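**Student:** Below are the chains, spelled out letter by letter.
Protein chains: 4
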Amino acid sequence: MKTIGVVTSGGDAPGMNAAIRAVVRIAYSKGLNVLGFEKGWEGLMSNTFRELTPRSVGGIINLGGTILLTSRCQEFRAKNGTKKAAETLDLNNVEGFVVIGGDGSFKGACELSNETDALIVGIPATIDNDVFGTDETIGFDTAVNTAVAEIDKIRDTAISHERIFIVEVMGRTRGFLASTVGLTVGAEVILVPEEKYNIEETLKTIKANTAKGKRSGIIVAAEGVGDTQKLAEEIEKHTDADVKLSILGYVQRGGNPTARSRLLASLFADEAVRLLLQEQRSRIVGLQNGKITNIDLKKSCETRKPLDLSLLKLARVLAT
Amino acid sequence: MKTIGVVTSGGDAPGMNAAIRAVVRIAYSKGLNVLGFEKGWEGLMSNTFRELTPRSVGGIINLGGTILLTSRCQEFRAKNGTKKAAETLDLNNVEGFVVIGGDGSFKGACELSNETDALIVGIPATIDNDVFGTDETIGFDTAVNTAVAEIDKIRDTAISHERIFIVEVMGRTRGFLASTVGLTVGAEVILVPEEKYNIEETLKTIKANTAKGKRSGIIVAAEGVGDTQKLAEEIEKHTDADVKLSILGYVQRGGNPTARSRLLASLFADEAVRLLLQEQRSRIVGLQNGKITNIDLKKSCETRKPLDLSLLKLARVLAT
Amino acid sequence: MKTIGVVTSGGDAPGMNAAIRAVVRIAYSKGLNVLGFEKGWEGLMSNTFRELTPRSVGGIINLGGTILLTSRCQEFRAKNGTKKAAETLDLNNVEGFVVIGGDGSFKGACELSNETDALIVGIPATIDNDVFGTDETIGFDTAVNTAVAEIDKIRDTAISHERIFIVEVMGRTRGFLASTVGLTVGAEVILVPEEKYNIEETLKTIKANTAKGKRSGIIVAAEGVGDTQKLAEEIEKHTDADVKLSILGYVQRGGNPTARSRLLASLFADEAVRLLLQEQRSRIVGLQNGKITNIDLKKSCETRKPLDLSLLKLARVLAT
Amino acid sequence: MKTIGVVTSGGDAPGMNAAIRAVVRIAYSKGLNVLGFEKGWEGLMSNTFRELTPRSVGGIINLGGTILLTSRCQEFRAKNGTKKAAETLDLNNVEGFVVIGGDGSFKGACELSNETDALIVGIPATIDNDVFGTDETIGFDTAVNTAVAEIDKIRDTAISHERIFIVEVMGRTRGFLASTVGLTVGAEVILVPEEKYNIEETLKTIKANTAKGKRSGIIVAAEGVGDTQKLAEEIEKHTDADVKLSILGYVQRGGNPTARSRLLASLFADEAVRLLLQEQRSRIVGLQNGKITNIDLKKSCETRKPLDLSLLKLARVLAT
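So the protein sequences, as listed, match chains A, G, B and R. With numbering that gives the first Met the number 0 as the guide, the letters of the first sequence map in order to residues 0 to 319. With numbering that gives the first Met the number 0 as the guide, the letters of the second sequence map in order to residues 0 to 319. With numbering that gives the first Met the number 0 as the guide, the letters of the third sequence map in order to residues 0 to 319. With numbering that gives the first Met the number 0 as the guide, the letters of the fourth sequence map in order to residues 0 to 319.
Extracted from the complex, chain A is given alone in its bound form (with noise of 0.2 Å):
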C-alpha cells in the first residue's frame, strides 16, 4: 500500500482535526501518502483533495470543526454516486479510504465498499455518540461538556427566578447526549426518545419537589422526544412553575475539543491505520470495554445501538 485517502463526511463533530492529524502522520511514519478529499462525498464526486503532510495537519489538535470541509453530499447518494467515489479513487491509486463521520457516513461507506477494491475503515466521529461498534464516538465527550458548561449557567438563572427550565440538547433521533447531560448536570428529569414520553410523571415529579421546597428545576430533553415548546405550555397550565425553554443548538457541535476527545482520536487513527496495512476490508475502529477495537463496517450500519437506560434510572435516584 502506498497511497491512502482520508474524508469527513456528515456533521462535523469536535475532534475530527485530532483524527486527521494522526491519520496522516501516523500513515506517513508507515512510508504511506495521503490524500484529504474536501466537503465529504463531495470531493470525490469532484475529484476534489489535497496532499496532506505531517507539517500541513500541524497545529490543528486542539481546533473544532474540519479543515477538509464537510457536507451532507445528494449526488453521492444518487444512483451512481458510488460508482464515481470508486473511480476517483481508482483514478488516484488510493487503495486504502479513511471515513471520519457518523452512522449516515458509514451507510454511505458500506455501499462504496461495494464498489471499490480501495479497502475501507471507518473512524466514528459524532456528537451524536450514536454508531454501533463503539462506545464513544470522536466529539461526544466536548459535545456533553459544552452542553453541561451552558447548562451550569442556566442554573444560575433558574434558581435566581425560581423556574423550571427545559433545555433541548441535541442527538437527533437519539438520547445518548441527553441521558449523560442529564445526569451530569443533576436534571431533576430526563427526556429521551427511547423512554415512553409520559407527561404525567414529570408533573408528579415537579409537584413533588416542589413539595420538598426545590423552586427551580432543571429538564433535560433530546431533540429526538418532539415538540418541547408544547412541553414548556403543557407544564405551565398544570402546575404554578413558570417555565422558560432553552435550545442549546449548533454550539454543541463546535468548540476546541477536550482532551477526551483528541484522545480517542488519536486512538482511533492508530487502529484504522494498523487496519489498512493488516488489508483488513470494511471494518469501524471502536472503544469497547475500555479497548480500542474494531468490527464488521457492514454490522455496525445494521446495528442499532443501544441505550443505557440504567444511566436514566440513577440520574432520577441522584435529582432526589
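Hint data in this document are derived by calculation from the structure and do not stem from the laboratory. Heads up, some of the hints might be wrong.
As the list claims (entries may be wrong) - In silico PhoX-like pairs for lysine-lysine, Cα to Cα no more than 25 Å straight-line:
(1) K290(G) x K82(R)
(2) K229(G) x K206(G)
(3) K203(G) x K236(G)
(4) K298(A) x K290(B)
(5) K290(A) x K312(B)
(6) K312(A) x K29(B)
(7) K206(R) x K29(G)
(8) K243(G) x K229(A)
(9) K213(G) x K290(G)
(10) K243(B) x K195(B)
(11) K312(A) x K1(B)
(12) K304(R) x K290(G)
(13) K229(B) x K229(R)
(14) K1(R) x K206(G)
(15) K29(A) x K206(B)
(16) K211(G) x K312(G)
(17) K29(A) x K312(B)
(18) K304(R) x K243(B)
(19) K203(G) x K29(R)
(20) K29(R) x K312(G)
(21) K203(A) x K29(B)
Since we're looking at a predicted model, the values are computed, not measured.
With chain A's structure known, arrange chains G, B and R on it following the hints.
**Tutor:** Below, chains G, B and R without anything else, positioned relative to chain A:
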C-alpha cells in the same frame, strides 16, 4: 443613617452578587446595617428579608445569579403596591434603599420614591445595557463574552459546512448586546432594532461575500429585530446559501461574572453607599466617560439611551 | 445497616462534591442516614461531623473542592490515631464508612479497617490517577482538561515568540497526568518518572524539529521527573532555542468538574453504597475495562498501578 | 499615501491579531496597501514581510498570539539598528508604519521616528497595561480574566484545605494586573510594586481574618514585588497558616482575546489609520475617559503611567 435595604429586581445579571457583596461590606465599614429583601419587589410586599453581614456575603463575588433571588412582581405594579413597599421600608426603619436592576426596576424605584422618605439609589445591572446614565451596566460585559464564546464555536461548524448562521442574541428591544457581540465576533451582518431592517442589503452583502470567496458567514441579530426564522427562510430563498438559525437564549444571563462585571459592581456599590451617606435622594450610579458618576433616577427612567451607530459602521468595514 | 459515614481525605479533586452528593442521595433512597465527617481524618479524631441529607447536598454537583473540607492529618498517622477513629465510628453507630480520596487516604483506610467493625469502602478521587484497581479516578479528567486548556494558551505565545516551553504538570511521583496531557496537546516531548530521563534524546528531538522547520515546541514534564528549571537551562545551553518554564500548579486541582468526573463520581458512589448494603468489607470501587467494579482495599494499597507506556510511543509518532 | 507597514513587537498580547486584522481591513477600505513585517523589529532588519490583504487576515480575530510573530530584537537596539529599519521602510515605500506593542516597542518606535520620514503610529497592546496615554491596552482585559478564572479555581482548593495561597501574577515592574485581578477575585491581600511592601501589615490582616473565622485566603502579588517564595515562608513562620505559592506564568499572555480586547483592537486600529491619513506624525492611540484619542509618542515613552491606588483601598474594604 443606621439601616439600609438592598434588593435585586427584574432579570438577573452576572455580577449582581458581586454588587450585593460590595454594598454590604462597604455599608458595614461605615457603621450601617443592611437588610436584604428577597425576590425583588415581592420581598417588600411580603416583608421578607434577611440581615446581611460581611460574612454572609462571603464567597459570592464569582457566582452568577443573585442570592437574594429576583422576580417580576405583578403586585408591586398594582395600585397600592408602591404604598405597601414604602410601609415595609418604614416598618424596618430602612432609611436608604439600594435597587440593583435594570430599566424596569428603576421605573418601579421611581414610583416608590414618591411614597417613601427613604433615600433610593439605583445600581444598573442588566445584560441589555439599556439604562440611561451609564455607558455600561453590570452583567453586560459577561453576556457579551458568553455570546462571543458561543459564536466562536458556531463559526467552527459554519466554516466546516460552508453555511450561514443567524445567531439571535438577547437585548430585549435594544441592540447594545448585538452590536458589541457582532463587531467582536467579526459578524458579516449585524441587525439591531435601532436600524431599519433591510433584507435587500443583507442579501447584497451575502452575495458580495460569496463573490469574494467567503463561503461561510455569521449574522448577529438582536432579538428585538423580529422573526429570525423568517429571515433565515428569506435568505435561503434568494441565495444559494445553506442557512441555520441559533437562538442563544438564557445562557447569556448566567455564568460567572467577568472581571469587568465584578469591578463595575464594586465601583457602583461604593458610589451608591457614598450617595446614601451624603443623603442624596433618587439617584442612579453609572459609568460615564470612564468615570464613576451619578444622575437623577427620574431622568434615567424617562430618557432613552442612544445606541452608538458608528460601531455598526466600523463593524461593516471590518467584516469586509 | 442504619447509618453510614463519609469523608474526603488527602488532596482535593474536582468531583469530590459530586461523589458526596451521590453517596448521600443513594444512601437515603435505601433508608440510610449519612454523617459527613469534616477535614478528612481530623473529623474522626475530634468527632466533628454533620448529618447530610438530600437537601443539604443540593447545588454542589458542579462545584470544585469539597464541602466536607479535607486535610493531611498527622494525628491519625500516629500510633493511636486509627484506634481513636474507630472509636468515633463506634460512638456514632457508623456501620459503613465511605472514604473519598487517593492512594494515601486508602492506606489510612486500610489501617482503620483493622481496628473497626464498620465496613469500609474507598472511592478513588485524585487528579494523580495513581490508584490501583481503577483505570480512572474522579478528578483526573478535569485536571487533564484544565492542563490542556492552559497549554493551548501557552502555545499561542510559544508560536508567536518561536520558543520552547517546558510545562510542568502535577501527578506527584507518577506520570499519568503528564502522559495524557502530553498526548492531547501534541507535545513534542513528554517526560514521566516511569521512563528514564535522557537529555540527549530530548536535545535530538528538538534539533530534529528545528531542522524540519518547527520553530516552537512544548515539553510536558511530570513534576516527578525532577528539576525542570535545570532542564530548561540545559536545553538553552545545547541548542539555539529560547526556553521558558511554566509550572501549572494548584489550578489543576480546582475548577468545576468535567462531565466525566461527575459521571464517575455518580457511578462510583452507586457501587460503594451497593457494596455496603451487601456487607462487603474493605473494598475500593473502580472502573475497569469500561465497567464499574471493585477490588480488595488492601490489594489496591499494596499494588503499584502500571503506566501505559504505549501512549507515550504513540504521542511521539503524533508529534512528528 | 499608498503603502503602510505593520509590525507586532515585544511580548505578545491577546488581541494583537484582532488589531492586525482591523488595521489591514480599514487601510484597504481607504485604498492603502499593507505590508506585515515579521518577528517584530527583526523583520525590519532582514526586510522580511508579506503583503496582507483583507482575505489573508480572515479568521484571526479570535486567535491569541500574533500571526506576524514577535521578538525582542537585539540588533535593532544596537547603534545602526534604527537606521537599517528606516532604510527598509524606505526601500519598500512604506509611508506610514503601525507598531502594535507595549512600552518597550514604543521606545524603539520613538528612536525609529528620528531616522525615517515614514509616519509612525503606536497601538498599545500589552497585558501589563503600563503605557502612558491610554487607560487600557489591548490584551489587558484578557489577561485579567485569565488570571481571575485561575484564581477562582485555586480558591476551591484553598477553601477545601483551609490554606492561604499567594498567587503571583505578571505585570513586570508594575501593579496594574495585580490590582485589578486582586479586587475582582476578592483577594484578602494585594501586593504591588507601587506600594511599599510591609510584612507586618500582611500578617496583621491574616491574623485578623483568622480571628473573624476566615480560614482560607488569597494573596495576589505582582511579579514586581520580589521574592514571593520568601514571603510564603515568612507568613508560615509567623502564623499558624498553611501557605502555598502559585505562579500563574505565561498562560496570562495567551488564549482567545475577550470581547473587550477585540473591541479595543478594532477601535485603536481605526484611529491609527485615521491618523496616518491625516499625516500625523509620531502618535500613539489610546482610550482616555472612555473615548478613543491619541497623544504624542515621545510623551508616552517618557511619562510613567500612574496606578490608581484608590482601587487597592476599595479592595481592602471589600475583602473585609
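**Student:** It remains to establish, for every hint, whether it holds in the given structure.
**Tutor:** Comparing the hints with the structure gives:
no.: 1; hint: K290(G) x K82(R); verdict: 43 Å, violated
no.: 2; hint: K229(G) x K206(G); verdict: 19 Å, holds
no.: 3; hint: K203(G) x K236(G); verdict: 14 Å, holds
no.: 4; hint: K298(A) x K290(B); verdict: 24 Å, holds
no.: 5; hint: K290(A) x K312(B); verdict: 17 Å, holds
no.: 6; hint: K312(A) x K29(B); verdict: 14 Å, holds
no.: 7; hint: K206(R) x K29(G); verdict: 22 Å, holds
no.: 8; hint: K243(G) x K229(A); verdict: 22 Å, holds
no.: 9; hint: K213(G) x K290(G); verdict: 41 Å, violated
no.: 10; hint: K243(B) x K195(B); verdict: 23 Å, holds
no.: 11; hint: K312(A) x K1(B); verdict: 23 Å, holds
no.: 12; hint: K304(R) x K290(G); verdict: 17 Å, holds
no.: 13; hint: K229(B) x K229(R); verdict: 20 Å, holds
no.: 14; hint: K1(R) x K206(G); verdict: 29 Å, violated
no.: 15; hint: K29(A) x K206(B); verdict: 22 Å, holds
no.: 16; hint: K211(G) x K312(G); verdict: 20 Å, holds
no.: 17; hint: K29(A) x K312(B); verdict: 14 Å, holds
no.: 18; hint: K304(R) x K243(B); verdict: 29 Å, violated
no.: 19; hint: K203(G) x K29(R); verdict: 21 Å, holds
no.: 20; hint: K29(R) x K312(G); verdict: 14 Å, holds
no.: 21; hint: K203(A) x K29(B); verdict: 21 Å, holds
Hints 1, 9, 14 and 18 from the earlier list are contradicted by this structure; the remaining hints agree with it.
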